[in-house]
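Asker: Add chain Y to chain G, keeping to what the hints say.
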Amino acid sequence: MGDSQYSFSLTTFSPSGKLVQIEHALTAVGSGQTSLGIKAANGVVIATEKKLPSILVDETSVRDISSLFFHKSQPFSCLLFRCHFLILFFFLNYLWQVQKIQILTPNIGVVYSGMGPDFRVLVRKSRKQAEQYHRLYKEPIPVTQLVRETAAVMQEFTQSGGVRPFGVSLLVAGYDDKGPQLYQVDPSGSYFSWKASAMGKNVSNAKTFLEKRYTDDMELDDAVHTAILTLKEGFEGQISGKNIEIGIIGADKKFRVLTSAEIDDYLAEVE
Amino acid sequence: MSKSAVDVPPMGGFNFDLCRRNDMLAKKGVNPPSFRKTGTTIVGIVFQDGIILGADTRATEGPIVCDKNCEKIHYMAPNIYCCGAGTAADTEAVTDMVSSQLQLHRYHTGRESRVITALTLLKKHLFNYQGYVSAALVLGGVDCTGPHLHTIYPHGSTDTLPFATMGSGSLAAMAIFESKYREGLNRDEGIKLVCEAICSGVFNDLGSGSNVDVCVITKGHKEYLRNHMLPNPRTYISSRGYTFPKKTEVLITKITPLKDKEVVIEGGDAMEE
Chain G
0 MGDSQYSFSL TTFSPSGKLV QIEHALTAVG SGQTSLGIKA ANGVVIATEK
50 KLPSILVDET SVRDISSLFF HKSQPFSCLL FRCHFLILFF FLNYLWQVQK
100 IQILTPNIGV VYSGMGPDFR VLVRKSRKQA EQYHRLYKEP IPVTQLVRET
150 AAVMQEFTQS GGVRPFGVSL LVAGYDDKGP QLYQVDPSGS YFSWKASAMG
200 KNVSNAKTFL EKRYTDDMEL DDAVHTAILT LKEGFEGQIS GKNIEIGIIG
250 ADKKFRVLTS AEIDDYLAEV E
Chain Y
0 MSKSAVDVPP MGGFNFDLCR RNDMLAKKGV NPPSFRKTGT TIVGIVFQDG
50 IILGADTRAT EGPIVCDKNC EKIHYMAPNI YCCGAGTAAD TEAVTDMVSS
100 QLQLHRYHTG RESRVITALT LLKKHLFNYQ GYVSAALVLG GVDCTGPHLH
150 TIYPHGSTDT LPFATMGSGS LAAMAIFESK YREGLNRDEG IKLVCEAICS
200 GVFNDLGSGS NVDVCVITKG HKEYLRNHML PNPRTYISSR GYTFPKKTEV
250 LITKITPLKD KEVVIEGGDA MEE
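Each protein sequence line maps, in turn, to chains G and Y. Residue numbers for the first sequence follow numbering that gives the first Met the number 0, so the first one is 0 and each next one is one higher. Residue numbers for the second sequence follow numbering that gives the first Met the number 0, so the first one is 0 and each next one is one higher.
Treat each hint with caution, since some may be false.
[Claimed, not checked] Here are the computed lysine-lysine pairs in the DSS-like style, where the Cα-Cα straight-line distance is at most 30 Å:
id: 1; chain 1: G; residue 1: K124; chain 2: G; residue 2: K50
id: 2; chain 1: Y; residue 1: K122; chain 2: G; residue 2: K124
id: 3; chain 1: G; residue 1: K252; chain 2: Y; residue 2: K218
id: 4; chain 1: Y; residue 1: K221; chain 2: G; residue 2: K253
id: 5; chain 1: Y; residue 1: K218; chain 2: Y; residue 2: K122
id: 6; chain 1: Y; residue 1: K221; chain 2: G; residue 2: K252
id: 7; chain 1: Y; residue 1: K221; chain 2: Y; residue 2: K123
id: 8; chain 1: G; residue 1: K253; chain 2: Y; residue 2: K218
id: 9; chain 1: G; residue 1: K194; chain 2: G; residue 2: K124
id: 10; chain 1: Y; residue 1: K218; chain 2: Y; residue 2: K179
id: 11; chain 1: G; residue 1: K206; chain 2: G; residue 2: K252
id: 12; chain 1: Y; residue 1: K221; chain 2: G; residue 2: K137
[Unchecked claim] Interface residues of chain G toward chain Y, partial, derived using beta-carbon atoms under 7 Å:
id: 13; residue: R126
id: 14; residue: E130
id: 15; residue: R134
By construction, these hints were calculated from the structure, which means they are not laboratory data. Bear in mind that the values here come from a model prediction, so they are computed numbers and not experimental data. Glycine residues also receive a C-beta, built at the ideal position from the N, C-alpha and C atoms.
So here's chain G without its partners, still in its complex pose (with noise of 0.2 Å):
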């Protein structure tokens, strides 16, 4: 990064001691989608809106990528699958992975309000980290770990020569030996730890629903009830499985994204 002509930061104080860039970076995560984790007693759900643009854009490319590694009973749609994967992979082979819930180590997963392809990037520079730190101390890393080297690398984009702040904040849920736990890390690369929280669009009202609906000894189930009650909120159209994305980790310490089918029935409780 020394090397460019950029060898200066982007991002300088104002006047006012504020760092504009963030803050407009944070602009920027509120114009994204919804998204939300609540903490329960046994675990931690996290969600979030998944409208497509427009119509045309092919819904078989945004499937869950979860629901193709069981595939053992289903060789024929798994053909399918396939060919419109490889005409897909040549053209738009970054399109292959619009899942928007990702899995960082079998028992941490991620989600994010803001700029898609700047989550990219910051999940694939965590699973290494967390893949870094499983090769030296021989155990999976904790949570709060992980969260505080991906908020390094956020700040690291805040003072560095010649980039711009990252246009994400993300939530990360976790279990690990010191329990269920969910972070929020902003642009800033400043991170809290929550019980409930909400980002991206119609935030406050997320959050005064959350406020009002915890209870500290929710369970699992009600926690998901919940994240589906509060997402329903500020949804504009008809929620099903097919535009939202949840992703759960339970007392067995395995992230996992729920199916649109499992989505579905989790709707009908609901209603």
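Answerer: Only chain Y this time, still in chain G's reference frame:
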């Protein structure tokens, strides 16, 4: 002392300056240090449902057995395992590193790892180090394209085979395979054949010994049978253990100090005039 008429500028490539000196030293009996070899027998076969890998469990440091029950079958991915022969540190470091890379690749692609990916990552690394990373590996696994078995040599070349052996006991094990291997073995026959091959290495090669580890990999399932066979149990000469004869009885104890203790009194009164 005549100087050369033309001064040759320094060039790249191997510098042969010390070769004459080394030759002279070797003639006088001073040999360069030889590499530490760790003997091993590692094998792999393809059977009808997948792959079976086998390894002995002896680690040697020259003529000494330093570990009687070490693990030579390393984890690479949930569906891929790798046996390592050669320097133990090299095999462990290289398999650990590639296993890490495969995990990151799995997260990024959202798919099960393929054996050919592990193969390419390993051979790239080993070729880069021109054989100095002394790791001879038998890599086996089952992925979406079927079961695969490969051998990787320290210099980076690879073979794809239905049955493979590596290590100092490889000839003994290969003899068993060449005579008894056939396609379409079932699980029990396959494990029996692998154990036979390893035992042949264990009993006929000094660098291999102790127990037999087996790993069976099939589509969607793996079984790591640690110490599947223990053909070398420890037998003690006496089952009661060791007892030592009684020492001489103590009759009297007398302690004589060797030097008289001198007592120094400080702070006494000054001498009076």
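Asker: Would you list, in rising numerical order, the hints stated earlier that this structure does not obey?
Answerer: none
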